[in-house]
Amino acid sequence: MNMKKQAAVASALVLIASGAMADEIRVLNWQGYGTDQEFALAPFTEATGHTVVHDYFNSEQEMLTKLRTNPGAYDVVLINAAFFPDVLAEDLLQPIDTSKVANFADVAPDFAANDSLNVDGSLYGVPWTWGLTSIAINSSTISETPSSINVMWDEAHKGRVSIRDDAVEAVQLAALATGQNINDIQDMDAVEAKLGALMPQIRTFWGSENDWNQFMAAGELDVASYWSGSAERSAASGLPVQFVVPDEGAIGWLDGLAVPASSENVDAAHAFINWMIDPAFYSEWNANGAPASANAAAAAALPEDAFNRKVLGDPEVAARVQFMEPVSEENREAYLEMWQALKAAQ
Amino acid sequence: MANILSQDTRRAAGLLTPAYLWLTVAIFLPLAAMLYFSFLSDVPFGPEADWYYTSENYRAFFETGTYASLLWKSIKLGLTVTVICVLLGFPCALVLAKVIQGRSREALFLLIILPFWSNSLVRIFSWAIVLRGNGVLELAVNWVLPFDIRLGLMFTPTAVVIGLVHSYLPYVILTSYLALQAIDNSLIEAARSMGAKRLTILWRIILPLSMPGLLAGAVLIFVPVVGSFMEPRILGGRFGTYYGTVIEDQFTAVFNWPLGAALSFILLAVVLVILALSSPILRNART
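From first to last, the protein sequence lines are chains A and B.
This note's numbering puts the first sequence at residues 1 to 346.
This note's numbering puts the second sequence at residues 1 to 287.
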């Protein structure tokens, strides 16, 4: 046996051995949303040997499309609690083995018991973060912090408003502005009229956090719908952004980390989820702008003046939040049809 | 005699096979798959896919006025962009083909084709940087003019037209240039020697003879612009909803591939009808 052959066999053995210990896990998430933070991934790879690759989506439907059409392609996926029923209806997830997620014990009991994440006694998503969808203002053009969501309808900001190009979010914001329950909208005509009145105010629609930051940096906007964690991140990056929880309330959401049924790296996926709900990771993430953590220990470890502790931890604010529940297929279609017709009429 | 014929046929078949194979694999198979999708109730993916055959996706087009009005909006956009491209591109091609000679023509030609070498998304984002508030264009205008000017072009239908014209202008220049170059200069000289004015020469000789190239360029522009989605989405802001963006939404945002496919085939049918209706004009232009 010559040297070359021996070397080849030896390196092949090394490859097989390292493959067994260290997996490459593929994560599906919004871009720039925690799991792809450089500071977290390098220590994770060092500690566990697993490497992490990311793929991104720009809407929950795109996430669902990717899960459906690429079985086996993902090991960890971020899913909004309101979308778990859609994903579970197609058997796309496997139950979480909480014994492999040591930090699960610290997750706030309310979130851990969330109806959308738990089906037939099994947990399908580890509550990771929560936050609000509300409005953020450009503090360099609006000097006085508004107290009402109707600032978006204010003539003074005509042509300098943006909302996300998403039917459900648009309808729920209009429901808030018309004083309705976002999960049980009674007066759809009022919502439609309200959105129709919003259209002339709008400069453009935003699709991703990156879009939002670009429009704000270019000075195109005064006020826009936004997510609490993203607003923190934008402010941390130096943009003049202030997140507002108006008197009418805000839309609350909970994001969970789940393991697709087709994942082959289940252990590595659980290890990654455990890493992601770790208070140490969260403290560092929060310093760069993060949504609120679902992990009670992580939330308690924040500094007193942190937005996620001071504002979201305030019972008076919490009382105004309406948590988003799953939207039925008929309602979603009705919202989409209305939203498309409104956009087409421009 | 028969032997020669069959030999010719065989040779023709041999030469044509790669082209037809390519057409089949690259165009007809994907189109057939999409046509099939357009008659399903849901996409047949996933372990628990539940679907049946239906024509409801095509009926959806007629049930609300939304899609039809968007299609009309897109056709108007296509016409606007085509007309502007022809008005700008034909004179350029005329100057290139008949006025400029030698090396400078090559250099100019290169400048026209150059944008084609960059990715279209990059071109559109560049336009976004130029057009947006406080962007390159506004800064330049304000630098030249003494008073403050707000152009406010970004996120308007005008911005969409600017971006599309820039993307598709080279098509009409290239096709017109080829047609114009084929015109024998002695024809123009003959007309001139008989006292024809410049405009008469243009109207009676150059334009009719180059019409096939001009129309080919116009068709090449009109068809993709009617279905365009990327340019309106980035440059159009709240006005940026067109037929193409709605089709894109069906595929990427709301995961209704069957409806997206049905809307695409309706677009294809409408474009074919428009081309068929204008074919007598096209044929007249050729003779």
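Hints may contain errors.
A partial selection of chain A residues facing chain B, derived with a Cβ cut-off under 7 Å [said to hold, decoys possible]:
{"id": "1", "residue": "59"}
{"id": "2", "residue": "61"}
{"id": "3", "residue": "62"}
{"id": "4", "residue": "65"}
{"id": "5", "residue": "202"}
{"id": "6", "residue": "218"}
{"id": "7", "residue": "219"}
{"id": "8", "residue": "220"}
{"id": "9", "residue": "320"}
{"id": "10", "residue": "322"}
{"id": "11", "residue": "326"}
{"id": "12", "residue": "340"}
{"id": "13", "residue": "341"}
{"id": "14", "residue": "343"}
{"id": "15", "residue": "346"}
Covered by chain A, according to a simulated footprint, are these stretches of chain B (three or more residues, beta-carbon under 8 Å) [to be verified]:
{"id": "16", "stretch": "107–119"}
{"id": "17", "stretch": "181–189"}
{"id": "18", "stretch": "237–245"}
Calculated from the structure, these hints are not laboratory results.
Cβ atoms here follow ideal geometry from the backbone N, Cα and C, with glycine treated the same way.
Verification of the supplied hints:
1. 59: Constraint on residue 59/A satisfied, holds at 5 Å.
2. 61: holds (5 Å)
3. 62: holds (6 Å)
4. 65: holds (5 Å)
5. 202: The hint holds - residue 202/A has a Cβ within 7 Å of chain B, the shortest such distance being about 4 Å.
6. 218: holds (5 Å)
7. 219: Holds, about 6 Å.
8. 220: With a closest approach of 6 Å, the residue 220/A hint holds.
9. 320: At about 29 Å, which exceeds the 7 Å cut-off, the nearest Cβ of chain B leaves the hint on residue 320/A violated.
10. 322: Hint on residue 322/A: violated, closest Cβ of chain B at ~24 Å, above 7 Å.
11. 326: violated (16 Å)
12. 340: Since the shortest Cβ distance to chain B is 6 Å, the answer is holds.
13. 341: holds (5 Å)
14. 343: Residue 343/A check passes; min Cβ-Cβ to chain B is 4 Å, inside 7 Å.
15. 346: holds (5 Å)
16. 107–119: violated (count 0)
17. 181–189: Since three or more residues must qualify, the claim that chain A covers the stretch 181–189 of chain B is violated, with 0 doing so at under 8 Å.
18. 237–245: holds (count 5)
Of the numbered hints given earlier, the model fails hints 9, 10, 11, 16, 17; all others are met.
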